[in-house]
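Chemist: Following the hints, position chain E against chain H.
As you go down the protein sequences, you meet chains H and E in turn.
For the record, in the first sequence the residue sitting at position 52 is 143 according to our numbering, with numbers rising by one throughout.
For the record, in the second sequence the residue sitting at position 50 is 58 according to our numbering, with numbers rising by one throughout.
Note that these hints are calculated values from the structure, not bench results.
Even glycine gets a Cβ: it sits at the ideal position worked out from N, Cα and C.
The reader is advised that the hints may include incorrect statements.
Which bits of chain H does chain E cover? Going by a derived footprint, with three or more residues having C-beta under 8 Å, they are [stated by the list, open to error]:
#: 1; stretch: 108-116
#: 2; stretch: 125-135
#: 3; stretch: 204-217
With beta-carbon atoms standing in for the labels, derived distance ranges [stated by the list, open to error]:
#: 4; chain 1: E; residue 1: 184; chain 2: H; residue 2: 274; range: 20 to 30 Å
#: 5; chain 1: H; residue 1: 311; chain 2: E; residue 2: 184; range: 34 to 44 Å
#: 6; chain 1: E; residue 1: 52; chain 2: H; residue 2: 137; range: 49 to 59 Å
#: 7; chain 1: E; residue 1: 88; chain 2: H; residue 2: 184; range: 17 to 27 Å
#: 8; chain 1: E; residue 1: 116; chain 2: H; residue 2: 129; range: 23 to 33 Å
#: 9; chain 1: E; residue 1: 218; chain 2: H; residue 2: 310; range: 44 to 54 Å
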Amino acid sequence: MSSEEAILLRSNGSDLRLIVAEGLSRERIEGELTRVASEAQSLLRDAGVILDFQGRSIDASMLRCVLERLVWPSGMKLLSWMTLDVASQEFLRRSGFVVGQPKREASRRKSSPPPSCLLFRSLRSGQRLEHEGDVVVVGHVNDGAEVFASGNISVWGRLQGIVHAGYEGDDGARVIVAHMEALQVRIGRRVSYMDRGAPWWGSPVLIRVDGESVLVEEFVI
Amino acid sequence: MIQRVIVLTSGKGGVGKTTTTANLAVALARGGHKVVAIDADIGLRNLDVVLGLENRIVYSLVDVIEGSCRLKQALVKDKRVENLFLLPAAQTRTKDAVKPEQMKALCDELREDFDFVLVDSPAGIEGGFQNAASGADEALVVSTPDMSAVRDADRIIGMLESLGKSPIRLIVNRLRPNMVREGNMLDVSDVLDILAIDLIGVVPEDDNVVTSTNKGEPLTLNSTSPAARAFDNISRRLIGEEVPLLDVESLASTGFMARIRRAFGFKG
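Looking at chain E on its own, in the form it has when it is part of the complex:
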């Protein structure tokens, strides 16, 4: 298999990038792939907590880049899942501690040993995002179905396109079908109509996500909740399997607006 470096990003904060990164990393590793999740949110690290690995961190990404330790020393191995590793962010430094070319070199080094390198990007469009995206070939854009998140996602997609990342695919997170039915939340087809990129999955709002985050046990470890199944399906689509969308995901339209999108030259 070709080694893949994928950045998970959104522009807006709080839409579920870190939760998505953790769950996809676990799902891919459980599927037999060797995976490393990089927390590129330097200064505000969270991925270690969501993965439940915070007490085992000795070195960070910044230590590796500054040469204070070797890459293998900084990688934290998950004991619950074979083949899953975390490269944590430094909590006591800022995003200026890393330069895009250093991040690219780090990703290229990790590419040698791993099937998937998942980079959890910080919110925003400044240096932190540029660092996270620099080493990636492809991108997963996470957005919730609300106008502010979608507008930020549109901005990020434009920037990813300008950086030559491909493919760029969309995860619609925290969809609430009841609200969509009542007309109080954007439907998946509305989001796709604006963003005009390929949809790789829709994750329903699920209270289990909050519990799992607090426990440090990503849902894809052992849960069969709707969000767990959605994340698991996304991981399978990532490796090229044809997996039908869940019921909640059938809200995605491939009809008239999708054809209009393509007519205007958007990929997808």
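Just chain H, same shape as in the assembly:
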């Protein structure tokens, strides 16, 4: 992997997202963080930055390493941490950090739709993605994995885990799945239990709330 691919900086409108590639060794991460803090200092100073560690776990020593090598020397404004590892999410929350997509201010909420999250990977058991806005998973959501979105959720692969669309109470959110094998789907304030014997089991489906019911329809374009 080249150094350009090891840590990516992406602009997200007013904020920056710093993505640390998942396959990097611990030693390589330390070196890359120091390099980025030094080479991109003018870009990072006072900028709002989301640190995205993808599926990597973050423990106390990694947290200290990131703060000492990147956050403090660069002068960035750390907005939030992102990781799919649930234990790391809880550790960071306990440590007082914001985890996941940072909440937008009310004025910004009204003026523009929330950004979508496009995830090019599968989620394994024990991994969780939370996002304010729509989520598209270009991969599978395995049994034991979870996706929570305030907007719609689309899964391009097989869904066996839990998805909760419109988790802030939006019953108008929808779920689209290419290969439906989940036993439960949540939309807004409703929970629906699925049946393995249903005719659409294993097929592409669109799931939405219709009146008091959760409706599952085979999805054909």
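Modeler: Frame of chain H, contents of chain E only:
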């Protein structure tokens, strides 16, 4: 050869991690490699029994870490196979007796003297697993072809990926071809479809495993039973040999679902 530290893990208990560790350790040692098998299941040690070395244990892994003995004093040499050693777990302590950084230091020390360091992980995803995985570069995930074991394996694979272990390869253990044919057991391609990692071998269900475990004589010592041949083939694939899958292993699919897996970015 580059010295390799490999953790054998599964998440779920009872899928055959310890049997696999013992058989691979013997097979690699018989192939001329210097091997140490570490029992990282502190408090519930089993690897010594499966290897038939339980009566020769004086010191344990915890004694080494606490400085009560030197590493060489705790290593138990197998008299039947040249170059095979066991570092036993303590039976009277708990998994909290060891910290991940201590385990990593121990594995790094063993790496100096051995071609292969095989770490037999306890079941679960807590401290015992974290300890076992901490010193390893790569991982072998053992799963039986049933949904609960596969789901636990999926969880463990996610954790191993998040810890930066690579490669992570799969052993499907205790496959019963008759049940697969009758549709009462997951097929290897079903397991691969979910777990989406490289398959390094499939071990058929074999009654000889029970006998060998009770006798403390791993099958790869001298047996030619189907499981023995499967373990021996896995050991050869570990060192990079191209070994075709056994007949029972031909159930593994490299067809449509494998291509779908790769399209979704899984390694393998």
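Chemist: Does the Cβ distance between residue 311 of chain H and residue 184 of chain E fall inside 34 to 44 Å?
Modeler: For residue 184 of chain E against residue 311 of chain H, whose Cβ atoms are near 39 Å apart, the range 34 to 44 Å holds.
Chemist: Counting residues of the stretch 108-116 of chain H whose CB is closer than 8 Å to a CB in chain E, do you get three or more?
Modeler: Three-residue rule met by the stretch 108-116 of chain H, so holds; n is 4.
Chemist: Is the gap between the beta carbons of residue 218 of chain E and residue 310 of chain H within 44 to 54 Å?
Modeler: Check passed, 49 Å falls within 44 to 54 Å.
Chemist: Verify the CB-CB distance for residue 184 of chain E and residue 274 of chain H against the hinted window 20 to 30 Å.
Modeler: 26 Å, holds
Chemist: Using a Cβ cutoff of 8 Å, are there at least 3 residues of the stretch 125-135 of chain H near chain E, or does the coverage claim fail?
Modeler: Our answer is that it is violated, as 0 residues pass the Cβ test (under 8 Å) against chain E, missing three.
Chemist: Within 49 to 59 Å or not, the Cβ separation of residue 52 of chain E and residue 137 of chain H?
Modeler: Roughly 54 Å apart at Cβ, these two residues keep to the hinted range, so it holds.
Chemist: Does 23 to 33 Å hold as the CB distance between residue 116 of chain E and residue 129 of chain H, or does it fail?
Modeler: 30 Å, holds
Chemist: Within the stretch 204-217 of chain H, is the number of residues with a Cβ closer than 8 Å to a Cβ of chain E three or more?
Modeler: Three-residue rule met by the stretch 204-217 of chain H, so holds; n is 6.
Chemist: Could you say whether the range 17 to 27 Å given as a hint is met by the Cβ separation of residue 88 of chain E and residue 184 of chain H?
Modeler: 53 Å, violated
The earlier numbered hints that this structure contradicts are 2, 7.
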